[in-house]
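K.L.:
What follows is the residue order along each chain.
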Amino acid sequence: MTLLRRLQSWEGFLLAALLCIIVMNSILSPQFLTVGNQINLFQLSIEKVIVALIMTFVIINAEIDLSVGSMMGLSACAFGWLFHQGVDPVLAVVICLGIGALGGALNGWFIARVGLPSLVVTLATLIGFRGLARVLVEDRGITDFPDWFDALGQQGFLGPIPFALIAFVVLFVFLWVVLQRSGFGRKTYVIGTNREVAIYAGIDTARHKMIIFTASGLISAFAGLLFAARVGAVRGDVALGFELDIITMVLLGGVSIFGGTGTLMGTLLAILIVLNLRNGMALVNITGHIQTGVVGMLLIASVLVPRIDLGRLRRSKEETA
Amino acid sequence: MTAPVSAPPPSAGPVLALRHISKSFGMTRALSDMSLSLFPGEVHAVVGENGAGKSTMIKIMTGVHQPSSGTLEVDGVALRLSGTKDARQAGIAAIYQEPMVFPDLDVAENIFISATGLGLVQNRAALRSRARSLIDRIGMTLDVDRIAAGLTLAEQQAVEIARALSQDVRVLIMDEPTASLSDHEATQLRQIARTLSGQGVAVVYISHRLEEIFDVADRVTVIRDGQHISTRPVAEVTPDGMIGEMVGREVGNYFTKAPSHTRPEVMLSVQNLGCADAFEGISLDLHAGEVLCMAGLVGARRTDVALSLFGIQPATSGQVAWLGQPFHATSPAQAIEAGIAYVSEDRRKLGLALPMAIRANITLATLNAILSRLGLIDRAAEQGIAESFRKRLNIRTPDVETSVGMLSGGNQQKVMLAKWLEMRPRLLIFDEPTRGIDVGAKAEVHDLIRTFVKEGGAALVISSDLPEVLALGDRILVMREGRQMGILDHDDATQETVMRLATGATSLKGAA
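These protein sequences, in sequence, are chains D and S.
Those letters in the first sequence? Residues 1 to 321, by the working numbering.
Those letters in the second sequence? Residues 1 to 512, by the working numbering.
Accuracy of the hints is not assured; some may be wrong.
[Stated by the list, open to error] Computed Cβ-Cβ distance ranges for the label pairs, DEER-style: (1) S:S408 <-> D:P30: 29 to 37 Å; (2) S:E337 <-> D:S26: 57 to 65 Å; (3) D:V120 <-> S:A126: 56 to 64 Å; (4) S:D104 <-> D:Q43: 32 to 40 Å; (5) D:T292 <-> S:T316: 54 to 62 Å; (6) D:G131 <-> S:P398: 21 to 29 Å; (7) S:P314 <-> D:V120: 24 to 32 Å; (8) S:D277 <-> D:R113: 48 to 56 Å; (9) D:R113 <-> S:R124: 37 to 45 Å; (10) S:F102 <-> D:F258: 54 to 62 Å; (11) S:V298 <-> D:L15: 27 to 35 Å; (12) D:S26 <-> S:N394: 54 to 62 Å.
[To be verified] Facing chain D, a subset of chain S residues (Cβ under 10 Å, in silico): (13) R88; (14) I147; (15) L151; (16) L153; (17) F310; (18) V320; (19) Q334; (20) N361; (21) T366; (22) N368; (23) G375.
[Said to hold, decoys possible] To give an idea of the chain D side of the interface with chain S (calculated C-beta under 10 Å), a few residues: (24) P117; (25) V177; (26) V178; (27) S182; (28) K187; (29) D204; (30) T261.
Source of the hints: derived by calculation from the structure; they are not laboratory data.
Glycine included, each C-beta is placed from N, C-alpha and C at the ideal position.
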């Protein structure tokens, strides 16, 4: 069984699971398949699923970015603070995106150029970015953003479809083409599979990792702004702990934590599964804690199944060697 | 071949004996009918070419591998060692070229690292005094409270030996212990070997440095192609006789030298190239159409020279001229840009992304050439390249989507070669191009190298396989411990002359 086929079968499994959940949900509740519920289901987690797209790149590259939740918080809080300092809100948005790119580049510099493990670097910036966010807004909540900003997060942009959902779809299509069809995507896989092989093939792996981490910071900052717009208020604990939900979705999508394998389609399917599962359980009044437990069990299965396969592969290789 | 009768053993019976031991891995026979007796109090040197079976023999003695047939006897009793722990219990221990010490612990703690039953609250004073007596026993002066991080390699070796002694060792195997040591440190280590043998320990000493074998050993065993060739007291051995026995085979049995395609123009000119802590004083001219082989033993640092030319490990001294221009690569991308390719010896770690498709591996180094203006991969072009190499190099696979990890070693090697040929290099550096692949694939790789130079390319081939070196090389550069020992023309080169340079038995004065 080639790896490709195994991945396809994992995605097939996700698709089957998704269809089961959708069928079950629509039986359980007539509300489920309405446009309003479907949009609502995305809207509640839209910031996380946007970041999950770039997190797919990070993990396929055999790295991790724990600082995304804190960067979302920092960007949202920086926007609130700048706005209340009287900075033009459009300029504030640009500055916040700049902070995101800069913070991501900082992660990337330590990881790619200095050579520190991403787990440690982004754990440090998880703390650092969050600390900055709290310094900016202290323990206040900041509200009263301009109407257009709130409307962007709270109302339909194209008919009933909110801006964030459109942004998600556009970003998905763009990143899908990059990851699955471009040279950059190919290099992402090679570096994640075996960085030494990439270096010996003349690929500038440090530059590649810099780009990915910068993009991760930038997209996280963008998602933080979307959060501020949707909620209409920011506090120091915006997006606290989001990184874990985001990483869960990516791993559930079949992306290996060891790098090199997984697809953006897998991540999308996992996103849909998690959202529909939670929505369905909520519709039949299953509490949030149990929902979380079910998602956790799914994650264990997703990590376990490919590992069992890998073990078999390794054993058969030893026998032929 | 009959083994000459050995000299009378130093004392009664052998402490460890291998009797008619054979060991196969799949189709490969690593040892066949190997017999060897070790007596208390002797230093017994084992010599042979790379791949002669020395490592397999050690692994059988230390219980890492179990023999396919034959027996291993300790004090005349047949024993089955099913792991290193069994070997340790029987009093057999080994130390290697790279000592294993824990840098944050002190010497005493390192010595007793694997000792069990000492309890959590050890009597530190007792531990230290025992460590001191072990260090004394091997005749070293070393403070047992020192942190291991600051120890020299020889001192680390001493710590490892003391660790072995702490568990009542009767057979100590030293596997190329001096390969990375300076001359002074190597002398220290040989003294330790002598001291221990004086205390009744049987020492197995494996080394590529022939001169130290004459210094330290009581008896010498030569093995070749997994077979025992001879065991003699060192006094009856001459360097030439030993090398002749190590090399053995008739030249030209497997491979015959093809006519040279060397053209007059120099493509690569290297002057006095050096790289800190790796090699120095490498000078060579490589012509268009020429195959220059680099011969040497493990630790000769030939790969380091290749990595310098390829930009992985930039040279720190000397000059390189490439196609008439000064050239100093500081990254593989620069070397590739200049038309230099390096085919790594370790295809699993450095050469191939094993889980990925053959197609993706072949285009890895030339990906930018098949990208559209928007950076997208031209899949039809990629497919075409992969298919053409599949036919041209006879890569046996159902299709080019198959992941490389599923292929046999020889076919993996061809995929790796395809990756570099696709780049149309002017200079191809091959590092052990046929290691671990079968004879048929070997011949195909040789043909490929010859075709490449015939079309005007230049090839630098690092190989530890002497028949291969003699079959391929228009000239042969021999290295030893980071130094260039000489360059031989093909007509002057024999296995004996190459080995003599590689082991340091002689050096070519004024060569290159």
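K.L.:
Look at each hint and say if it fits the structure.
P.N.:
Do the hints match the structure? See the list:
1. In this structure the supplied range 29 to 37 Å is violated for S:S408 paired with D:P30, their Cβ-Cβ distance being about 59 Å.
2. The hinted window of 57 to 65 Å between S:E337 and D:S26 holds, with their beta carbons roughly 58 Å apart.
3. Judged by the Cβ atoms, the range 56 to 64 Å given for D:V120 and S:A126 is violated: they are separated by roughly 40 Å.
4. Restraint check, S:D104 to D:Q43: a C-beta distance of roughly 53 Å breaks the suggested window 32 to 40 Å.
5. Our hint of 54 to 62 Å for D:T292 and S:T316 holds, since their Cβ atoms are close to 57 Å apart.
6. Here the CB-CB span from D:G131 to S:P398 is close to 56 Å, at odds with the stated 21 to 29 Å.
7. At about 29 Å, the CB distance of S:P314 to D:V120 agrees with the hint of 24 to 32 Å.
8. The hinted range of 48 to 56 Å is not satisfied by S:D277 and D:R113, whose Cβ atoms lie roughly 23 Å apart.
9. Distance hint check for D:R113 and S:R124: the Cβ-Cβ separation is about 43 Å, which falls inside the suggested range of 37 to 45 Å.
10. Look at S:F102 against D:F258: about 27 Å separates their beta carbons, and that is not inside 54 to 62 Å.
11. Checking the proposed 27 to 35 Å range against S:V298 and D:L15 shows it is violated: the Cβ atoms sit about 52 Å from each other.
12. As the Cβ distance of D:S26 to S:N394 is approximately 56 Å, the hint placing it in 54 to 62 Å holds.
13. Against a cut-off of 10 Å between C-beta atoms, the interface hint on S:R88 is violated, since the closest Cβ of chain D lies about 25 Å away.
14. Because the smallest distance between the Cβ of S:I147 and any Cβ of chain D comes to about 24 Å, over 10 Å, the interface hint for this residue is violated.
15. Taking 10 Å as the C-beta cut-off, the interface hint given for S:L151 is violated, the closest approach to chain D being about 26 Å.
16. A cut of 10 Å between beta carbons decides the hint on S:L153: the least distance to chain D is about 25 Å, and the hint is violated.
17. The interface hint given for S:F310 holds, since its Cβ lies 8 Å from the closest Cβ of chain D, which is under the 10 Å cut-off.
18. Hint status for S:V320: violated, given a least beta-carbon distance of 18 Å to chain D, over 10 Å.
19. Below 10 Å, beta-carbon pairs count as interface contacts, and S:Q334 has one with chain D at about 8 Å; its hint therefore holds.
20. Given the 10 Å rule on beta carbons, the hint for S:N361 holds: about 9 Å separates it from the nearest Cβ of chain D.
21. Evaluation of the S:T366 hint against chain D yields a held restraint, the C-beta minimum of about 9 Å falling below 10 Å.
22. At its closest, the beta carbon of S:N368 sits 7 Å from a beta carbon of chain D; the interface hint therefore holds under the 10 Å criterion.
23. Here the hint on S:G375 is kept, as its CB sits about 5 Å from the closest CB of chain D, short of 10 Å.
24. This hint is violated: D:P117 has a C-beta 19 Å from the nearest C-beta of chain S, more than the 10 Å allowed.
25. Against a cut-off of 10 Å between C-beta atoms, the interface hint on D:V177 holds, since the closest Cβ of chain S lies about 7 Å away.
26. Given hint, D:V178 at the interface with chain S, holds; its Cβ is 8 Å from that chain's nearest Cβ, closer than 10 Å.
27. With 10 Å as the threshold, the beta carbon of D:S182 comes within range of chain S, its nearest partner Cβ sitting at about 5 Å, so the hint holds.
28. For the restraint placing D:K187 at the interface with chain S, the shortest Cβ-Cβ distance is roughly 7 Å, inside the 10 Å limit, so the hint holds.
29. Against a cut-off of 10 Å between C-beta atoms, the interface hint on D:D204 holds, since the closest Cβ of chain S lies about 6 Å away.
30. Checking D:T261 against chain S by beta carbon gives a least distance of about 7 Å; that is within 10 Å, so the hint holds.
In this structure, the hints that do not hold are numbers 1, 3, 4, 6, 8, 10, 11, 13, 14, 15, 16, 18 and 24, in rising order.
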